[in-house]
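S.K.: Just so you know, the sequences run in chain order A and B.
If you use numbering that gives the first Met the number 0, the first sequence closes out at 189, no skipped numbers anywhere.
If you use numbering that gives the first Met the number 0, the second sequence closes out at 189, no skipped numbers anywhere.
If you're looking for bench data, these hints aren't it; they were derived computationally from the structure.
There may be inaccurate statements among the hints.
Since copy identity is lost for identical chains, a pair holds within one copy or between any two.
[Said to hold, decoys possible] Think about it this way: if two alpha-carbon atoms lie no more than 16 Å apart in a straight line, the pair counts; the simulated EDC-like pairs of lysine to aspartate or glutamate are: (1) Lys-145 <-> Glu-157; (2) Lys-32 <-> Glu-122; (3) Lys-32 <-> Asp-185; (4) Lys-32 <-> Asp-136; (5) Lys-32 <-> Glu-60; (6) Lys-32 <-> Asp-61; (7) Lys-25 <-> Glu-122; (8) Lys-145 <-> Glu-164; (9) Lys-145 <-> Asp-71; (10) Lys-145 <-> Asp-185; (11) Lys-32 <-> Asp-124; (12) Lys-145 <-> Asp-124; (13) Lys-145 <-> Glu-122; (14) Lys-25 <-> Asp-136; (15) Lys-32 <-> Asp-151; (16) Lys-135 <-> Asp-67; (17) Lys-32 <-> Asp-13; (18) Lys-32 <-> Glu-157; (19) Lys-25 <-> Asp-156; (20) Lys-25 <-> Asp-71; (21) Lys-145 <-> Asp-22; (22) Lys-135 <-> Asp-156.
What you are looking at is a predicted structure, and each value in this text was computed from that prediction instead of being measured.
There are 2 protein chains.
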Amino acid sequence: MTSTTTRPPLNGVDTPTLFATLDAVKASPELAKFQFRAANRWISGTHNRSTIRGFFGAGQEDSTRTDDFTYDADHPAVLVGTGTAPTPVEFLLHAIAACLTAGIVNVAAARGVALREVSSTVEGDIDLLGILGLSKDVRNGYQGIKVSFQIDGDAPDEVLRGIVEQSRARSAVYDVLTNGVPVSIDVATG
Amino acid sequence: MTSTTTRPPLNGVDTPTLFATLDAVKASPELAKFQFRAANRWISGTHNRSTIRGFFGAGQEDSTRTDDFTYDADHPAVLVGTGTAPTPVEFLLHAIAACLTAGIVNVAAARGVALREVSSTVEGDIDLLGILGLSKDVRNGYQGIKVSFQIDGDAPDEVLRGIVEQSRARSAVYDVLTNGVPVSIDVATG
């Protein structure tokens, strides 16, 4: 078995750089402190737009992302929006699928497993009696989220399942969605 | 003061339809059951892509969204990705800003308050010692999220602040992020 420190790039993951990054953070743990950011502006009705670009990490402001990423959100017509973009809650489903998938691919590369396919569907069930203020017994958010992965790779079933489990155990989005996080809201007017 | 049932459209919100929707759901609470969905596919390394289109709600499969919304996610180079899209955790920041903003605009319309500006910045602090597996004492996800709103509208400061507070109290994304939600993960291989 190849030592992890000499594994070649795999699955599009630069595995040597991944291990070198781990070593660098082990030596200087302050490099692990990151801050991500978004800015949002109301357009009309439930339609609004976020821009994402800058972040702090590895001890400095990032300079590699030179263009804004721009994402709209809106409600569909049935929820009195214009349907020009997904709802805010649908972006949570993108986030969990994307985080678990990136983790699966990284873990597989670290374990020397070549992947052929990682695809998933995510379903989020929500009862709008909560946000509509029509029931005190119904929460505002999703009541549950179900992620279904289809994975094909050069390893037995139990190894592939173990890779998914390790991704779950180290997923930032899974942690936030399942355990919650403190959210503070400041308001300036005028 | 205008009765809520006769309020005209405001802030781009079709207020009469909003109140009619509330009345319809009061009469038939099963209309409030929604399911949102996303599908994701791995591209290479930490780069993957979600598509969002169909959802169930108001008693039927939606037929108004006729095109896929497509969103990529990736890690930046410093986290051994290619930086072609934001990280999964950044989409959580878009989601919370978008949800609170849509709520603010709806609540303002329902209360007869004309808005001129709703903008926000969101910061999420995360220590990657968690997801890198380098500390058992550090969580995987954000340690905190801070949302800062700038709001201008035709109402006193305390009324505008009350609108933000009502949006927070009824926000689906705020509920999910602060209280967490059960997430199940199924895996099929081969």
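S.K.: Okay, which hints does this one fail, numbers in order?
M.R.: As far as the earlier hints go, 1, 3, 7, 9, 15, 16, 17, 18, 19, 20, 21 and 22 are violated by this structure, in ascending order.
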